[in-house]
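Student: Given the coordinates of chain A, work out where chain B should sit on it, guided by the hints.
Top to bottom, those sequences are chains A and B. 1596 is the number that our numbering gives to position 102 of the first sequence; each next residue is one higher, with no gaps. 1866 is the number that our numbering gives to position 497 of the second sequence; each next residue is one higher, with no gaps.
Any given hint might turn out to be false.
[To be verified] Straight-line Cα separation of at most 27 Å, DSSO-like style, residue types lysine-lysine; simulated pairs:
{"no.": "1", "chain 1": "A", "residue 1": "Lys1684", "chain 2": "B", "residue 2": "Lys1739"}
{"no.": "2", "chain 1": "A", "residue 1": "Lys1709", "chain 2": "B", "residue 2": "Lys1687"}
{"no.": "3", "chain 1": "B", "residue 1": "Lys1676", "chain 2": "A", "residue 2": "Lys1684"}
{"no.": "4", "chain 1": "B", "residue 1": "Lys1811", "chain 2": "A", "residue 2": "Lys1710"}
{"no.": "5", "chain 1": "A", "residue 1": "Lys1709", "chain 2": "B", "residue 2": "Lys1698"}
{"no.": "6", "chain 1": "B", "residue 1": "Lys1709", "chain 2": "A", "residue 2": "Lys1684"}
{"no.": "7", "chain 1": "A", "residue 1": "Lys1709", "chain 2": "B", "residue 2": "Lys1709"}
{"no.": "8", "chain 1": "B", "residue 1": "Lys1843", "chain 2": "A", "residue 2": "Lys1709"}
{"no.": "9", "chain 1": "B", "residue 1": "Lys1698", "chain 2": "A", "residue 2": "Lys1710"}
{"no.": "10", "chain 1": "B", "residue 1": "Lys1493", "chain 2": "A", "residue 2": "Lys1710"}
{"no.": "11", "chain 1": "A", "residue 1": "Lys1710", "chain 2": "B", "residue 2": "Lys1687"}
Treat the hints as calculated values from the structure; they're not laboratory data.
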Amino acid sequence: MEKLKQNPIVVKLGFNRIVLCGVLLLMYLLFSVLGENFAGIPRILSALNYAYFLGFLSLGVTFVIATGGIDFSIGPVMFCSALVSGYCLTSYGVPMALSLVISILVGALFGTFNGYLVSHWSVPPFIVSMASMNIAKGVASVFTKTQSVSWPQGTSEQGWFRSLIKVGNFPVGLVIFLAFAVICSVILNKTRAGRYILSLGSNREAVRLSGVNVKKWEMLAYIICGTMAGIAAIFFVAAYTTVQPGYGDQYNNEAIAGCVMGGTSMAGGLASIGGTVIGVFIIALLQEGILALHFTKDYQLIITGIIVIVAVYADVVARRRKN
Amino acid sequence: MGEVILTMKEIDKSFPGVHALDHVSFEVRKGEVHALMGENGAGKSTLMKVLTGIYKKDSGTIVYEGKEVEFHNTREAQDAGVVIVHQELNMLGHLTVAQNIFIGREFKKGIAIDDKKMNEEAAKLFDMLHIDIDPSETMSNLTVGKQQMCEIAKAISHKAKVIVFDEPSAALTEAEIDELFKIIRDLRKQQLGIVYISHRMDEIKVITDRVTVMRDGTYVGTLITEECTKDDIINMMVGRVIYEDPKQHSMVPENAPVVLKVEHLNAGRMVQDVSFELRKGEILGFSGLMGAGRTETARAIFGADPKESGDIYINGTKVTINSPEDAVKCGIGYLSEDRKRYGIVVQKTIAENSTMATLEKYMKGLFINKRAERGIAQEYVDSLATKTPSVDQLVVNLSGGNQQKVVIAKWLVRNCDILIFDEPTRGIDVGAKNEIYKLMNKLAEEGKSIIMISSEMTEILRMSDRIIVMCEGKKTGEVDIEEASQETIMNMATREIS
Chain A
1495 MEKLKQNPIV
1505 VKLGFNRIVL
1515 CGVLLLMYLL
1525 FSVLGENFAG
1535 IPRILSALNY
1545 AYFLGFLSLG
1555 VTFVIATGGI
1565 DFSIGPVMFC
1575 SALVSGYCLT
1585 SYGVPMALSL
1595 VISILVGALF
1605 GTFNGYLVSH
1615 WSVPPFIVSM
1625 ASMNIAKGVA
1635 SVFTKTQSVS
1645 WPQGTSEQGW
1655 FRSLIKVGNF
1665 PVGLVIFLAF
1675 AVICSVILNK
1685 TRAGRYILSL
1695 GSNREAVRLS
1705 GVNVKKWEML
1715 AYIICGTMAG
1725 IAAIFFVAAY
1735 TTVQPGYGDQ
1745 YNNEAIAGCV
1755 MGGTSMAGGL
1765 ASIGGTVIGV
1775 FIIALLQEGI
1785 LALHFTKDYQ
1795 LIITGIIVIV
1805 AVYADVVARR
1815 RKN
Chain B
1370 MGEVILTMKE
1380 IDKSFPGVHA
1390 LDHVSFEVRK
1400 GEVHALMGEN
1410 GAGKSTLMKV
1420 LTGIYKKDSG
1430 TIVYEGKEVE
1440 FHNTREAQDA
1450 GVVIVHQELN
1460 MLGHLTVAQN
1470 IFIGREFKKG
1480 IAIDDKKMNE
1490 EAAKLFDMLH
1500 IDIDPSETMS
1510 NLTVGKQQMC
1520 EIAKAISHKA
1530 KVIVFDEPSA
1540 ALTEAEIDEL
1550 FKIIRDLRKQ
1560 QLGIVYISHR
1570 MDEIKVITDR
1580 VTVMRDGTYV
1590 GTLITEECTK
1600 DDIINMMVGR
1610 VIYEDPKQHS
1620 MVPENAPVVL
1630 KVEHLNAGRM
1640 VQDVSFELRK
1650 GEILGFSGLM
1660 GAGRTETARA
1670 IFGADPKESG
1680 DIYINGTKVT
1690 INSPEDAVKC
1700 GIGYLSEDRK
1710 RYGIVVQKTI
1720 AENSTMATLE
1730 KYMKGLFINK
1740 RAERGIAQEY
1750 VDSLATKTPS
1760 VDQLVVNLSG
1770 GNQQKVVIAK
1780 WLVRNCDILI
1790 FDEPTRGIDV
1800 GAKNEIYKLM
1810 NKLAEEGKSI
1820 IMISSEMTEI
1830 LRMSDRIIVM
1840 CEGKKTGEVD
1850 IEEASQETIM
1860 NMATREIS
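Next comes chain A alone, as it looks inside the complex (with noise of 0.2 Å):
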């Protein structure tokens, strides 16, 4: 085994991230065995539809949680910026581009807003977004009347947004995903930005002494989230169609699911964008799995709580066996 973790292509990939994908692998096969016809294209382009909007939110969150924060606030985020820009287009004419842009915006704007009060008022940030998710969901309320808001369907004429997810059965969204993933470990890895996130996450004042404008990159780390949860809203509404006011919780603990299965500590200071990745894949496998094998929502509910709670103690006793 310890040989095994030391072989240097084990050690590039990074051992967790095999085990992960071993995990996703196994997953795969135990569901096309119990699941009726679940192998097969039509249930993997599901799973992938799930996948696409919820590694958004995962990728942004992955930075927030680099610097030691937590963003409960995404889900709803996404939602909002579905419901508001979804309720332009419809009931207010705006062109399709600009509903997408503004989607984004929405999102763009909650991260700024949470990203302030944390860097430069010091508000803790589980309270701030804990704040702006209610936040985010009350101004979806109160924009969309608290009605659904349906996006045009693939057939009409502004129905070419659902391109970005596919375009025959060819996934265009993997394709999307995985290329702002590459651009997410860029600048996570190879960037000042990225750089200065995960040494402030792992020690803030050591950082802000060396001369850094501590405030303006812990900022930085939430308007990425947030703009990733802009952007996760039009993959959702590609998926799915229609948006509700007052939900999207669900999601939050998904993500970051995800991304602490992944290998991005809690405590700050360490990500890992690939396992970020498969993270995710592991999670919308699991909701179509669970569905396939005629389980309600509900259990995938209890699945990824208990998911979040043992990644977590695994990377807690991970750290402990380190020191």
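Tutor: Just chain B now, with coordinates in the frame of chain A:
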């Protein structure tokens, strides 16, 4: 000296890539104070951690009170009577003294905690140790010295038979050290075995009976303190003679310009109306007792803490410094007294820490130029003689002295003109200390200006061109090195206390 109470024999311990302890032997007798000395990274702390069960030994035996033992955690060691008094105190500031001493084994009356009984018991302990502390006082109101006394009382209350002091004097004033020594002598009389880890040579001579020296994870030898000289011990530690004479003359040229001028600086109780000038190429020593406000002054100048009033001029121009960012832009670098908390990011590599203050210069467009970054880091690893296999090593794996060098490298990479060294050699062994002294002298020669805050009188007298003394938040004196002596400085440092 009585019979042997604790023997560690042929202890071996390896970490990935490091042979931390190479068949080390060590013994403690009843009623002796046994010094454990060695440079940082020599393995003293590791040996003590093996003793108290924090680390598991790879091989070797530990015999305690005639029986072979292996403790699995500090709790087990404590119950058996082997206790460490740590360098960093583990006290809960908001609880009372008595509550801290009996934490985890409170006296109870029914289900309620019996504070009265705990206060009485604590008072008995203090009586026994001849310590004057009120058990019902809140811990955070005590000085560091008093808090340490409480640690000792706590150790005694565990019926300790062996007490390990890990650099107990690092944060104490001279008077507090005297008091500590009185207690240690008392404990010795009561036939306890005492292990005393310290870097301060004078203390070793005063308080210990025997000295065991370690170097690079191996046992070098044991001497009887009375029969050896300071140089004997140092030679065993490093194998070279140390120069410790005070500086005779200021090295600053007559016409050197003033680079930093601070006027009427105020920041809370600890910084009251502080004014001074720093000249090009000067090493300006800041002396004073613990809590004199020297660190607070430095932090206020550096923008790390807010200031209430006062002006700062750099090269004659008035500047506004409201954050460390501003200070760094003005060419000031600050090496904190507490490296772990304020100096380094332990989960990052040496290279990444080295460019922490200068990253914008190591960019290629949007991306970090990792090759250039590693290059500059390697340059400073070489020139500062940082001991590490590579610049990709995580800083957490370095010893204290080498971590300090990484912090220094960070500011040298930035090429700061004004450097504030806050206790630059705290917790650093003699050899590395000298390297840092040499480096500071070299920097001053090159025209950098240095503010050096130090609680060690020998360090102040050896390094400074001029000395500023502070006491309780005020500047109480300023002397050129030619007129400075221990007595004059001490006099100024205590001017308002007594």
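Student: Hints first: check each against the structure and report whether it holds.
Tutor: Hint check:
1. For the suggested pair Lys1684/A and Lys1739/B, the alpha carbons sit about 8 Å apart, so the restraint of at most 27 Å is met.
2. For the suggested pair Lys1709/A and Lys1687/B, the alpha carbons sit about 26 Å apart, so the restraint of at most 27 Å is met.
3. Proposed proximity of Lys1676/B and Lys1684/A is contradicted: the alpha carbons are some 36 Å apart, above 27 Å.
4. Note on Lys1811/B and Lys1710/A: the hinted pairing is violated, with a Cα-Cα distance of about 36 Å set against a maximum of 27 Å.
5. This hinted pair checks out: Lys1709/A and Lys1698/B have alpha carbons roughly 17 Å apart, not beyond 27 Å.
6. Only pairs whose Cα atoms come within 27 Å are accepted, and Lys1709/B paired with Lys1684/A is accepted, the gap being roughly 25 Å.
7. A hinted pair counts as satisfied when its Cα atoms are at most 27 Å apart, and Lys1709/A with Lys1709/B qualifies at roughly 21 Å.
8. A hinted pair counts as satisfied when its Cα atoms are at most 27 Å apart, and Lys1843/B with Lys1709/A does not qualify at roughly 32 Å.
9. Between Lys1698/B and Lys1710/A the CA atoms are separated by roughly 16 Å; this keeps the pair inside 27 Å, and the hint holds.
10. This hinted pair does not check out: Lys1493/B and Lys1710/A have alpha carbons roughly 54 Å apart, beyond 27 Å.
11. The suggested pairing of Lys1710/A with Lys1687/B holds, with an alpha-carbon distance near 26 Å, which does not exceed 27 Å.
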